[in-house]
Amino acid sequence: MSLQKYFNKQTNAAPLAVFRILFGMLMLGSIIRFAANGWIEKLYLEPTFFFSYYGFEWVKPLGEFTYLLFLICGISALFISIGYKYRMAIIVFFLSFTYIELMDKTSYLNHYYFISILSFLMIFLPAHAYYSVDAYKDEKLRSQNIPAWSIDSIKLLLIIVYFYAGLAKLNSDWLFKAMPLQIWLPSNYSLPLLGDLFQQPWTHYFFSWAGAIYDLTIPFLLLIKRTRVFAFVLVVVFHVLTRVLFPIGMFPYIMIASALIFFDSSLHHKILHYISRFTKINQQWFDNARNYLFPNQIFKSISVGVITLFFAVQILFPFRYTMYPGELFWTEEGYRFSWRVMLMEKAGYANFKITDSETGRSFYIDNMDFLTRFQEKQMATQPDFILEYAHFLEDYHRQQGIKNPQVYVESYVALNGRRSQPYINPEIDLTTISQSLKHSNWILPFQDEIKGI
Amino acid sequence: MKKIVTLILLSTVVFYACKNDGPSGPDVSDFDRQAILENWADEIIIPAFTSFEKQTSRLDSAGVAFTTEPTMENLKELRSEWEDAYISFQHVSMFEMGRAMELRYRDNLNIYPTDTAEIQQNIEEDSYNLELPSLNNSQGFPALDYLLFGLAESDSDILAHYTSNTNAENYRNYLGDLTSRIDELTSQVLNDWTENYRDEFVQNSANSSNSSVDMMVNDYIYYYEKNLRAGKVGIPAGVFSGTPLSTHVEAYYHGNLSKTLLKEAIDASQNFFQGNHFNSTGKGESLESYLDFLNTMKQGADLSELINNQFLLAKSEAENLDENFSMQVELDNSKMLETYDKLQKNVVLLKVDMLQALNINVDYVDADGD
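Residue numbers (our numbering), protein chains in the order written: chain A, 651 to 1103; chain B, -2 to 367.
These aren't lab readings, by the way, just hints derived from the structure by calculation.
Some hints here could point you the wrong way.
[Claimed, not checked] With a cut-off of at most 27 Å between alpha-carbon atoms, the simulated DSSO-like pairs for lysine-lysine come out as follows:
(1) K996/A x K342/B
(2) K332/B x K1003/A
(3) K342/B x K1003/A
(4) K1003/A x K223/B
(5) K692/A x K223/B
(6) K332/B x K342/B
[Stated by the list, open to error] Here are some chain A residues pointing at chain B (derived, C-beta under 10 Å):
(7) I833
(8) Y839
(9) L843
(10) G976
(11) G998
(12) S1012
(13) V1063
(14) A1064
(15) L1065
Here the structure is a predicted model, which is why all the values come from computation and not from measurement.
Quick reminder that beta carbons are idealized off the backbone N, C-alpha and C, glycines included.
With the hints as extra help, turn the sequences into a complete structure.
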């Protein structure tokens, strides 16, 4: 099949409609849960200092207006779900959600990143062409069929997420030391049945290997029709298990719901039929046998172009770590945005020393004066956090009247159950180092080796 | 379908094969966290509070005796009870949970340096509400330290504040209010432990971030880092300010107690780590035994052994210090910094290595993970 032909291929719109409905609902639920847990206040209002992503230093919490931001995000999620003013809603959702995630690097999670890029992708998909308020109102929009690539693009993103997460597990710590599961699993001693199993080394190895194999194979098992139902059962079991074992929030439900996209439209029609029974929506209304047409040719070309570029980036970006020397788990240069999910256990401690270069007087910082415990914990194991905080300390003490403060850090990090080792070169004045994407040679070398991808 | 079964079988074979080459994990038998909690509650925390509560009640009685009859003899008696109670307090200060957390118990009992200006103002105006957080630094042991030792140079001049001073009655009232408040707060905390909190504490043995083990360990490390390491040694030694702060020592006005309090606190911290029963030779399940169970062998040395050694090093370094830390930081601060350094090393072992081995998060924010 030629590329031209592929891009013109049409398929039933129901899977994407179901995906849109579930996505919106789950996002609304996530926002409500986040607010109900008091996390808006705890994570974005209480701290006095926030860690920024490189290039996004201007994104900061908005004080009391942060609540409004979450409200907007929640409402747009609802609009996405019902398919009302979909394009606007998904754009607003993408922007507000991404803004929230950029406000403080401390709370970075791979699955927040997943939501961000997925919502970006969805801006260009006709997810509102079927079974939506928009399609109900607008006859020109209403379409029973949509381009096949729009559904395939979501499948491709899921394939990347799973497969890359699996690749990342192919390292000696994960496979041959059962780390970090050997640390994580035993503390789940209070679970019935499993609790006792988790005290046994073979269980740790079993879960490590099973996890790696699962991640590497599940996208293909979902793609193949014969194995699809079995694969979906695995998806449910796997994610429910991670939900039970780890504080992983809404992510398992999002992945389970997303995996439905692999099924063909008959399943989705059943789901829509089920929803219709409750909502009294006449599903037939949308079955007009029409193919979705983009509003105009330019919009179509842009969509296809952006999506192609998007995937090129998604496929290559996780490999940027290969451009940095040193152990990835240690330096974390190129670690984020690469589907390295629940991959390592890192704990650290960073003790900052301020020296007044004029008088030679020096003293240490109590991190609790500036950071929450959560921020301190994240800061202590990640060099870019340490550097940003050091620059903050420099500015702070300059304001306090020290003309030329130097900032040094004595830090220790323990990785995957190894004994803690010195982390950042304590001789280096961190104020002389500027933030960049270049390799940080002020990180001390890792005193061990982890083989693998 | 067949392929998947093969795949799973294969993976099973592989991990069995690897099992023999892998590092040894924890023992097969389950470790009982509830046993740790029981040991902590029944053999350490409740006995320590019971003992401390006896002391605070004696302190209060001595306070009543002195305020009704302000004689030199009663002053000396009160001072001695204050000293005993302050030492005893070192064994409960770290247990800031349950009722103690609600009351912010430690802040009420031991914020120093105490605010002498505010104390004088309270006495002059004879109206104050000690429950206000803003008055935390004008009550508790440090305020009593000032009132019993710091009002004047000579003992007779100090006594005069309670007898012939124009505000003598206000002085007596304030002093009495302080001793009774310490006792009253302590009774509240102890009663809560014995009547409600003990069972709640022991039964909350699951593995969430607000389970008892996680909360206790977080509190313990917080106390060690902030109150013991920084408060007793680091801040007076000028670690956080660049210049020694001789007025910031614990029991500043007494003058000869800061070392005793430090050593007592190090002992109490190590006893808790080892699970030693309070004031007896018995020993039970503890962080030490849990670490040993998890068998976290690191670079040839056992983590619990490293931590214990570091406690001992800190204690022997503290032996070199003057009884009076004020004098120490003024005359030879380097010894104080040496002690700080030894205490600091254990922060890394406790906060990084131990927390990782026990898989305890260092934060209360129950945020999502990846």
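Hint check:
1. K996/A x K342/B: Cα-Cα ~18 Å, so holds.
2. K332/B x K1003/A: holds (19 Å)
3. K342/B x K1003/A: holds (15 Å)
4. K1003/A x K223/B: Distance ~17 Å between K1003/A and K223/B Cα, so the pair holds.
5. K692/A x K223/B: holds (22 Å)
6. K332/B x K342/B: holds (16 Å)
7. I833: Since chain B brings a Cβ to about 5 Å from I833/A, closer than 10 Å, the hint holds.
8. Y839: holds (6 Å)
9. L843: violated (12 Å)
10. G976: violated (20 Å)
11. G998: Holds, because the Cβ-Cβ distance from G998/A to chain B comes to roughly 6 Å (cut-off 10 Å).
12. S1012: holds (6 Å)
13. V1063: holds (7 Å)
14. A1064: The hint holds - A1064/A has a Cβ within 10 Å of chain B, the shortest such distance being about 5 Å.
15. L1065: The hint holds - L1065/A has a Cβ within 10 Å of chain B, the shortest such distance being about 9 Å.
Checked against the numbered hints given earlier, the structure breaks hints 9, 10 and satisfies all the rest.
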